[in-house]
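Protein chains: 2
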Amino acid sequence: MVGPGWARTGSNMERLYLFDTTLRDGQQTQGVQFSTAEKQRIARALDDLGVDYIEGGWPGANPTDSDFFAAAPQTRATMTAFGMTKRVGRSAANDDVLAAVLDAGTPAVCLVGKSHEFHVVTALGVTLEENREAIAESFAHVTAKGREALFDAEHFFDGYKSNPSYAVSCLRAALEAGARWLVLCDTNGGTLPAEVHRIVTEVIAQGIPGDRLGIHCHDDTGHAVANSLAAVDAGVRQIQGTLNGLGERCGNANLTTIIPTLLLKEPYRSRYQTGVSPEGLRGLLRDSRMLDDILNRVPARQAPYVGASAFAHKAGLHASAILKNPTTYEHVDPALVGNERVIPMSNQAGQSNLRTRLAQAGIEVPPGDPRLGRILDLVKEREDQGYAYDGAQASFELLARRELGALPAFFEVLRYRVTVERRKSASQGIVTISEAVVVVKIGDQVMMSVSDSASDTKDDNGPVNALSKALAKDLGPYQAVIDDMNLVDFKVRITGDGTDAVTRVIIDSEDGQGRRWSTVGVSANIVDASFEALLDAITWKLVRDAR
Amino acid sequence: MVGPGWARTGSNMERLYLFDTTLRDGQQTQGVQFSTAEKQRIARALDDLGVDYIEGGWPGANPTDSDFFAAAPQTRATMTAFGMTKRVGRSAANDDVLAAVLDAGTPAVCLVGKSHEFHVVTALGVTLEENREAIAESFAHVTAKGREALFDAEHFFDGYKSNPSYAVSCLRAALEAGARWLVLCDTNGGTLPAEVHRIVTEVIAQGIPGDRLGIHCHDDTGHAVANSLAAVDAGVRQIQGTLNGLGERCGNANLTTIIPTLLLKEPYRSRYQTGVSPEGLRGLLRDSRMLDDILNRVPARQAPYVGASAFAHKAGLHASAILKNPTTYEHVDPALVGNERVIPMSNQAGQSNLRTRLAQAGIEVPPGDPRLGRILDLVKEREDQGYAYDGAQASFELLARRELGALPAFFEVLRYRVTVERRKSASQGIVTISEAVVVVKIGDQVMMSVSDSASDTKDDNGPVNALSKALAKDLGPYQAVIDDMNLVDFKVRITGDGTDAVTRVIIDSEDGQGRRWSTVGVSANIVDASFEALLDAITWKLVRDAR
Chain A
1 MVGPGWARTG SNMERLYLFD TTLRDGQQTQ GVQFSTAEKQ RIARALDDLG VDYIEGGWPG
61 ANPTDSDFFA AAPQTRATMT AFGMTKRVGR SAANDDVLAA VLDAGTPAVC LVGKSHEFHV
121 VTALGVTLEE NREAIAESFA HVTAKGREAL FDAEHFFDGY KSNPSYAVSC LRAALEAGAR
181 WLVLCDTNGG TLPAEVHRIV TEVIAQGIPG DRLGIHCHDD TGHAVANSLA AVDAGVRQIQ
241 GTLNGLGERC GNANLTTIIP TLLLKEPYRS RYQTGVSPEG LRGLLRDSRM LDDILNRVPA
301 RQAPYVGASA FAHKAGLHAS AILKNPTTYE HVDPALVGNE RVIPMSNQAG QSNLRTRLAQ
361 AGIEVPPGDP RLGRILDLVK EREDQGYAYD GAQASFELLA RRELGALPAF FEVLRYRVTV
421 ERRKSASQGI VTISEAVVVV KIGDQVMMSV SDSASDTKDD NGPVNALSKA LAKDLGPYQA
481 VIDDMNLVDF KVRITGDGTD AVTRVIIDSE DGQGRRWSTV GVSANIVDAS FEALLDAITW
541 KLVRDAR
Chain B
1 MVGPGWARTG SNMERLYLFD TTLRDGQQTQ GVQFSTAEKQ RIARALDDLG VDYIEGGWPG
61 ANPTDSDFFA AAPQTRATMT AFGMTKRVGR SAANDDVLAA VLDAGTPAVC LVGKSHEFHV
121 VTALGVTLEE NREAIAESFA HVTAKGREAL FDAEHFFDGY KSNPSYAVSC LRAALEAGAR
181 WLVLCDTNGG TLPAEVHRIV TEVIAQGIPG DRLGIHCHDD TGHAVANSLA AVDAGVRQIQ
241 GTLNGLGERC GNANLTTIIP TLLLKEPYRS RYQTGVSPEG LRGLLRDSRM LDDILNRVPA
301 RQAPYVGASA FAHKAGLHAS AILKNPTTYE HVDPALVGNE RVIPMSNQAG QSNLRTRLAQ
361 AGIEVPPGDP RLGRILDLVK EREDQGYAYD GAQASFELLA RRELGALPAF FEVLRYRVTV
421 ERRKSASQGI VTISEAVVVV KIGDQVMMSV SDSASDTKDD NGPVNALSKA LAKDLGPYQA
481 VIDDMNLVDF KVRITGDGTD AVTRVIIDSE DGQGRRWSTV GVSANIVDAS FEALLDAITW
541 KLVRDAR
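Residue numbers (full-length UniProt numbering), protein chains in the order written: chain A, 1 to 547; chain B, 1 to 547.
Do not rely on the hints blindly, as some may be mistaken.
As the list makes no split between identical chains, a pair holds if one copy fits it or if it spans any two.
Subject to a maximum C-alpha distance of 30 Å in a straight line, what follows is the list of computed DSSO-like cross-link-like pairs (lysine-lysine) [stated by the list, open to error]:
{"no.": "1", "residue 1": "Lys145", "residue 2": "Lys161"}
{"no.": "2", "residue 1": "Lys324", "residue 2": "Lys161"}
{"no.": "3", "residue 1": "Lys469", "residue 2": "Lys441"}
{"no.": "4", "residue 1": "Lys441", "residue 2": "Lys265"}
{"no.": "5", "residue 1": "Lys314", "residue 2": "Lys380"}
{"no.": "6", "residue 1": "Lys324", "residue 2": "Lys145"}
{"no.": "7", "residue 1": "Lys324", "residue 2": "Lys441"}
{"no.": "8", "residue 1": "Lys491", "residue 2": "Lys441"}
{"no.": "9", "residue 1": "Lys380", "residue 2": "Lys424"}
{"no.": "10", "residue 1": "Lys324", "residue 2": "Lys265"}
{"no.": "11", "residue 1": "Lys469", "residue 2": "Lys380"}
{"no.": "12", "residue 1": "Lys161", "residue 2": "Lys314"}
{"no.": "13", "residue 1": "Lys314", "residue 2": "Lys491"}
{"no.": "14", "residue 1": "Lys145", "residue 2": "Lys380"}
{"no.": "15", "residue 1": "Lys473", "residue 2": "Lys314"}
{"no.": "16", "residue 1": "Lys491", "residue 2": "Lys324"}
{"no.": "17", "residue 1": "Lys424", "residue 2": "Lys441"}
If you are wondering where the hints come from, they were derived from the structure by calculation, not from laboratory data.
Chain A with its partners taken away, still in its complex shape (with noise of 0.2 Å):
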């Protein structure tokens, strides 16, 4: 186990540069589409995290794009347009393609061309040299408005292998005409390490500085983060690739697996500087999340570094070892990327790191509580039946207060009916309604309430809603508190199976003062378990802002 490399910034240490493409070839995921202000929230979590260029997207290819350079966030990063080289029979400068792309006004321009033979003769059905032509003239373009230009040259190991002087040539092209980056793509994913390697080496061999070199890489055979290092073992310097490994088909590179690798692992921590500070490498896990969040995944739990198990020891002889030395059974120390070691629950570590939490939500208990074993074997218990607290601190702060004595009753709900109904309405289009009934205990008092709304005005019309507002309705004395809450995000997943399957709901919801907190509610019934996740989003405001 080691320190973490900038601990030995020194004068020998070469620059790498990442590229992240989380926003572009990241969305040619199957299932994903991000929104613009997804696309903003990402962009500034990998600003913070600390790589060296974002690439937006594609301005001109959808109205997402487009919007998102019209109002994009100012990074240190670079940000980057991508586009494509221009098309042959017209000139760079009547390019309407690339025109959207410069019109974009980004610092840098990357555009994707051939420089496999077959392709250049198969896809665009012109000439060898006519597209040599087009790249030189697109990055005499680009570079003559002022930007920084890198070319993306697609299929480029399949065209070296295949034609190897017509491969280079292109690269040189683009170099030629002022492109400061010429990255290597295995656009199919389909070249293995050595061959990587290999061909890397023959090309700087033939007069392209490494330095000017980038990999882009697939992970079709489950090689791309493999690649890529064998990319900078041979001399590129800068890489490319996505939070989560994102992409076309398998996905690409991994940024969340190399920045890691990169910083925490010999030969690269002593050997390369990148633009990732200790915080921002912390941050790494919380990046993951966020994004399988915005994508509503389930996060990968076996992922390197920043998977839930990455660190979780389960042989009964690796826990123990564990205990005496985490060098036993852990390659780089958890908490370096923000995750943390994961052992039995029953013993010691997972009572202090249960303190740790309860200190977070402003709960002291004193070390050797019983108490504390008796939460560890509680959240166990539940989380077998289904709760995931990882994701839902205010239900995990609620279900430690009950335990310890401090949760006031607030409120009991005695009842409620919701029904939704979809029929025919007067005027003969359908119309679905949902009515919910709410019986609640404050004190002495019992309060009924009921709610309604329907498909045919523009508000929420959902069955949770409903429920929501029945509540909200029935909470007399503590009305004034729970006004300003919003439920703000809902997602549902089904866990177990057969006849044991179970619905999880977490709800986030937030305040006027921006507090947001997530809650979780487990029912085989939908509706209950967000019931159940509802009326504690509800408690935990109570218990903050109440008298």
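Assemble the complex: chain A is given as a structure, and chain B must be docked to it using the hints.
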């Protein structure tokens, strides 16, 4: 794109052996606990696939593993029991842990032992010489019983870096005592490919024959596959791994990735033979899905070779080139691993992708047909409303069929009502009851059905399931077709924001023929959205199977 390696079977090819440890190291995955029946099912699938060794577990360590060996399936593969070298301070014959392993009666026995001085001293607390003697005696004992013996040299790479001569002397002790295989384990998963290659090369140079060496890697830096192949490049002839990369922490080397690379990719396909036949390889996707099914995991969409997205071409430029020639964006033929090409719909797709996608669904539309443009417009319009068709191919197909006039009117839903009620039951417990009423018209017949379920039964008692059950009751003439349908996953996402927020529900269904399909529904009301996805799921099944 190349044909498989078996086509070149020749006398120059060397044999590589595949050792599967899904049932042993795979069971160290957080959250994984196989039953005996599941282990038997997996063992049979591994045998059909063509691995050489199946490590079934640790006899004596837990009841499941003992039960598995007591009734282990007959396999062509060599069934292997796992255990550890004898403890210091007793003879091999008197070690009860080792005796339990031998008592399983398997033809092969794999014993893990220490080869890293730090672990000998820190974890075992014995001398280096005592540990080496324990290795020698253990293997002499196992081979004297007529068993094939394998030595898992734990922490070999870390041990070699710390004390190379001691690490190699442990290998030699096992070799001289008759072990058939010496398996170099990167137990903590922190070694990188170049280091694996160098150390294996040095070990062989010290006189340990490569055809007696195996490799066992973990994925903590995302290099388990690359490390395994680097070891093969350097001379080892056995690879240990698991299906889908199950295993402790980040998992073991993924055989689901390694096997196709060995059989389909150069230099491996010309250089090595394995026990996997073309038919075994074509069953790989099915084997991978079977394991996910047993674990109730959502299959990893982006897994190399076997992921649902592994041959999905989302970018418009890629999709149009693929139509001209699949090798433009595919490094191998998906059919060789039992997978298939996917050209998903999204706002980046053009008419040619659309025609291909329709053709896959059995719908032929001539190029230039104006209805193609209308379908694309409709897809775009609905994606703006929150629909996501590239994760819901079945709904896309229905949308297209509707527009093309190729969708029979199976039935019409006139109205529905679903009620969820939570109240105290007679026995003072809290009970939640869901009730659904659905009124459907089939031909001239109007049918009304009701279904309910309560939280005090073991069934899914949510509103969507109640609706699904009521709907299924109504479809009299189509009953036989939908009887084998199951709702297997249910994903909910809030999209848009503020007053434009809508709920998107994606439902995955499967049937008795092993088909799995996804449908989407969007509404401000989650019940309406679910109902829409549910209707699509049933309609798609009727399109495929009715009449």
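Against the structure, the hints:
{"no.": "1", "hint": "Lys145 - Lys161", "in the structure": "neither (34 Å within a copy, 53 Å between copies)"}
{"no.": "2", "hint": "Lys324 - Lys161", "in the structure": "between (52 Å within a copy, 21 Å between copies)"}
{"no.": "3", "hint": "Lys469 - Lys441", "in the structure": "within (16 Å within a copy, 35 Å between copies)"}
{"no.": "4", "hint": "Lys441 - Lys265", "in the structure": "neither (56 Å within a copy, 66 Å between copies)"}
{"no.": "5", "hint": "Lys314 - Lys380", "in the structure": "within (15 Å within a copy, 41 Å between copies)"}
{"no.": "6", "hint": "Lys324 - Lys145", "in the structure": "neither (61 Å within a copy, 36 Å between copies)"}
{"no.": "7", "hint": "Lys324 - Lys441", "in the structure": "neither (46 Å within a copy, 69 Å between copies)"}
{"no.": "8", "hint": "Lys491 - Lys441", "in the structure": "within (29 Å within a copy, 34 Å between copies)"}
{"no.": "9", "hint": "Lys380 - Lys424", "in the structure": "between (48 Å within a copy, 28 Å between copies)"}
{"no.": "10", "hint": "Lys324 - Lys265", "in the structure": "within (23 Å within a copy, 44 Å between copies)"}
{"no.": "11", "hint": "Lys469 - Lys380", "in the structure": "neither (33 Å within a copy, 33 Å between copies)"}
{"no.": "12", "hint": "Lys161 - Lys314", "in the structure": "between (45 Å within a copy, 26 Å between copies)"}
{"no.": "13", "hint": "Lys314 - Lys491", "in the structure": "both (22 Å within a copy, 26 Å between copies)"}
{"no.": "14", "hint": "Lys145 - Lys380", "in the structure": "neither (60 Å within a copy, 34 Å between copies)"}
{"no.": "15", "hint": "Lys473 - Lys314", "in the structure": "neither (39 Å within a copy, 46 Å between copies)"}
{"no.": "16", "hint": "Lys491 - Lys324", "in the structure": "neither (35 Å within a copy, 41 Å between copies)"}
{"no.": "17", "hint": "Lys424 - Lys441", "in the structure": "between (37 Å within a copy, 14 Å between copies)"}
The structure fails to meet hints 1, 4, 6, 7, 11, 14, 15, 16 from the earlier list, while all remaining hints are met.
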